[in-house]
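A.B. asks: If you read the protein sequences in the order shown, they are chains A and B.
Following our numbering, the numbering of the first sequence begins with 6 at its first residue and continues without gaps.
Following our numbering, the numbering of the second sequence begins with 6 at its first residue and continues without gaps.
These are calculated hints, taken from the structure and not from any lab test.
Any given hint might turn out to be false.
Heads up, the list lumps identical chains together, so a pair's fine if it works in one copy or across two of them.
As the list claims (entries may be wrong) - Capping the alpha-carbon separation at 27 angstroms, the derived lysine-lysine pairs in BS3-like fashion look like this:
| id | residue 1 | residue 2 |
| --- | --- | --- |
| 1 | K34 | K128 |
| 2 | K82 | K60 |
| 3 | K34 | K45 |
| 4 | K34 | K67 |
| 5 | K67 | K45 |
| 6 | K125 | K45 |
| 7 | K67 | K20 |
| 8 | K67 | K38 |
| 9 | K105 | K128 |
| 10 | K82 | K67 |
| 11 | K34 | K105 |
| 12 | K128 | K45 |
| 13 | K70 | K82 |
| 14 | K45 | K105 |
| 15 | K105 | K38 |
| 16 | K125 | K105 |
| 17 | K70 | K20 |
| 18 | K70 | K122 |
| 19 | K38 | K122 |
| 20 | K105 | K122 |
| 21 | K67 | K122 |
| 22 | K70 | K105 |
| 23 | K60 | K122 |
| 24 | K45 | K20 |
What follows is the residue order along each chain.
2 protein chains.
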Amino acid sequence: MSQRVVYEDSNFILKYNPFETPWYILYTKGEYKEFSHMPKDQREYIFEYLYIIEKAILEYFKPTKINIASFGNYYPKVHWHIIARFENDSFFPESVWGQKQRSSIISLPPLEPFEIKLTKELKECCI
Amino acid sequence: MSQRVVYEDSNFILKYNPFETPWYILYTKGEYKEFSHMPKDQREYIFEYLYIIEKAILEYFKPTKINIASFGNYYPKVHWHIIARFENDSFFPESVWGQKQRSSIISLPPLEPFEIKLTKELKECCI
Numbered sequence: 006m007s008q009r010v011v012y013e014d015s016n017f018i019l020k021y022n023p024f025e026t027p028w029y030i031l032y033t034k035g036e037y038k039e040f041s042h043m044p045k046d047q048r049e050y051i052f053e054y055l056y057i058i059e060k061a062i063l064e065y066f067k068p069t070k071i072n073i074a075s076f077g078n079y080y081p082k083v084h085w086h087i088i089a090r091f092e093n094d095s096f097f098p099e100s101v102w103g104q105k106q107r108s109s110i111i112s113l114p115p116l117e118p119f120e121i122k123l124t125k126e127l128k129e130c131c132i
Numbered sequence: 006m007s008q009r010v011v012y013e014d015s016n017f018i019l020k021y022n023p024f025e026t027p028w029y030i031l032y033t034k035g036e037y038k039e040f041s042h043m044p045k046d047q048r049e050y051i052f053e054y055l056y057i058i059e060k061a062i063l064e065y066f067k068p069t070k071i072n073i074a075s076f077g078n079y080y081p082k083v084h085w086h087i088i089a090r091f092e093n094d095s096f097f098p099e100s101v102w103g104q105k106q107r108s109s110i111i112s113l114p115p116l117e118p119f120e121i122k123l124t125k126e127l128k129e130c131c132i
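Using the sequences and the hints given, assemble the complete structure.
C.D. replies: Set out below in structure tokens:
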């Protein structure tokens, strides 16, 4: 399965990354290799968006922990991962880029109502 | 080697995490499990600090890429990793939590002048 667009505006695209737990990636449309290369207003958007996405994931999926990361070693253009982690997921407490700990199937509520609400919140936030 | 305090103010502590490349960790002093649990002003400080630290690392060490992450699966209290990555470091292009790719020794300029300048910038920024 490939990534699926959940939300888009003039500066950002949010995609769902198929995984056993909710994993979203916030991509910048501008050609910025590093976070500090971005203009201040776009950096502020990112943190407001991360806040909204994290809060929505916590409320709806009730994960054990949220993991946030911005690497870009393979794809050197700013993008941020926001991942819901559960204590019984396949990698916990390691990062999802770490060593697999077990084989898990996580039972989750449907994504669609979550993404409808999240999209609405992102739209209302800052555009 | 254990972590070493580089900077501290009323809300945050910045530590150097001994590694083959520059790795700093920004800890919150408040008891916040998740980023979105923090008050808005402290979230804003974090992003201003991450910006300053990233910019300083890029200028001084000239790494291939900056990696930023906030997990907290082992230690569920908000802290952010800021790591300089080089294309010939032991893990690149994997994350430093991933599979080791090779054994490397990275040649770096001394930390002390960098940390003196960084501390000054953090102090002048927001306190």
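A.B. asks: Determine for every hint whether it applies to the structure shown.
C.D. replies: Each hint, compared with the structure:
In this assembly of identical chains, K34 and K128 lie within 27 angstroms of each other by CA distance solely inside one copy; the values are 17 angstroms within and 33 angstroms between copies. For the identical chains of this complex, K82 and K60 are neighbours both inside a copy (25 angstroms) and across copies (16 angstroms), given an alpha-carbon limit of 27 angstroms. For a Cα distance limit of 27 angstroms, the shortest separation of K34 from K45 qualifies both inside one copy, at 15 angstroms, and across copies, at 26 angstroms. For a Cα distance limit of 27 angstroms, the shortest separation of K34 from K67 across copies, 24 angstroms, qualifies, whereas the shortest one inside one copy, 30 angstroms, does not.
Taking CA atoms no more than 27 angstroms apart as the test, K67 paired with K45 passes between copies only; the shortest distance there is 22 angstroms, against 32 angstroms inside one copy. Taking the shortest alpha-carbon separations for K125 and K45, both the intra-copy value of 24 angstroms and the inter-copy value of 21 angstroms come in at or below 27 angstroms. Proximity of K67 to K20 under the C-alpha cut-off of 27 angstroms is restricted to the intra-copy arrangement: shortest distance 20 angstroms within a copy versus 31 angstroms between copies. For a Cα distance limit of 27 angstroms, the shortest separation of K67 from K38 across copies, 13 angstroms, qualifies, whereas the shortest one inside one copy, 33 angstroms, does not.
Taking the closest pair of Cα atoms, K105 and K128 never come within 27 angstroms of each other, the shortest separation being 36 angstroms inside a single copy and 41 angstroms across copies. Taking the shortest Cα distances, K82 and K67 sit within 27 angstroms of each other only across copies (17 angstroms), while inside one copy they are farther apart (30 angstroms). Taking the shortest Cα distances, K34 and K105 never come within 27 angstroms of each other, neither inside one copy (32 angstroms) nor across copies (31 angstroms). In this assembly of identical chains, the alpha carbons of K128 and K45 lie at most 27 angstroms apart whether taken from the same copy (20 angstroms) or from different copies (20 angstroms).
Within a single copy, K70 and K82 get their C-alpha atoms as close as 26 angstroms, and across copies as close as 10 angstroms, so both meet the 27 angstroms cut-off. Taking the shortest Cα distances, K45 and K105 never come within 27 angstroms of each other, neither inside one copy (37 angstroms) nor across copies (35 angstroms). When the C-alpha separation of K105 and K38 is checked against a cutoff of 27 angstroms, the pair qualifies only between copies, where the shortest distance is 24 angstroms, while the shortest distance within a copy is 29 angstroms. Taking the shortest Cα distances, K125 and K105 never come within 27 angstroms of each other, neither inside one copy (35 angstroms) nor across copies (41 angstroms).
When the C-alpha separation of K70 and K20 is checked against a cutoff of 27 angstroms, the pair qualifies both within a copy, at 20 angstroms, and between copies, at 23 angstroms. Proximity of K70 and K122 under a CA criterion of 27 angstroms is satisfied intra-copy only: 21 angstroms inside one chain copy versus 34 angstroms between copies. Within a single copy, K38 and K122 get their C-alpha atoms only as close as 30 angstroms, which misses the 27 angstroms cut-off; across copies the closest is 24 angstroms, which meets it. Proximity of K105 and K122 under a CA criterion of 27 angstroms is satisfied in neither setting, with 32 angstroms inside one chain copy and 40 angstroms between copies.
Taking CA atoms no more than 27 angstroms apart as the test, K67 paired with K122 passes inside one copy only; the shortest distance there is 16 angstroms, against 41 angstroms between copies. For the homomeric pair K70 and K105, the shortest alpha-carbon distances inside one copy (17 angstroms) and between copies (25 angstroms) are both at most 27 angstroms. In this homomeric assembly, K60 and K122 come within 27 angstroms of each other (Cα to Cα) only inside a single copy, at 12 angstroms, whereas the closest approach across copies is 35 angstroms. Taking the shortest alpha-carbon separations for K45 and K20, both the intra-copy value of 23 angstroms and the inter-copy value of 26 angstroms come in at or below 27 angstroms.
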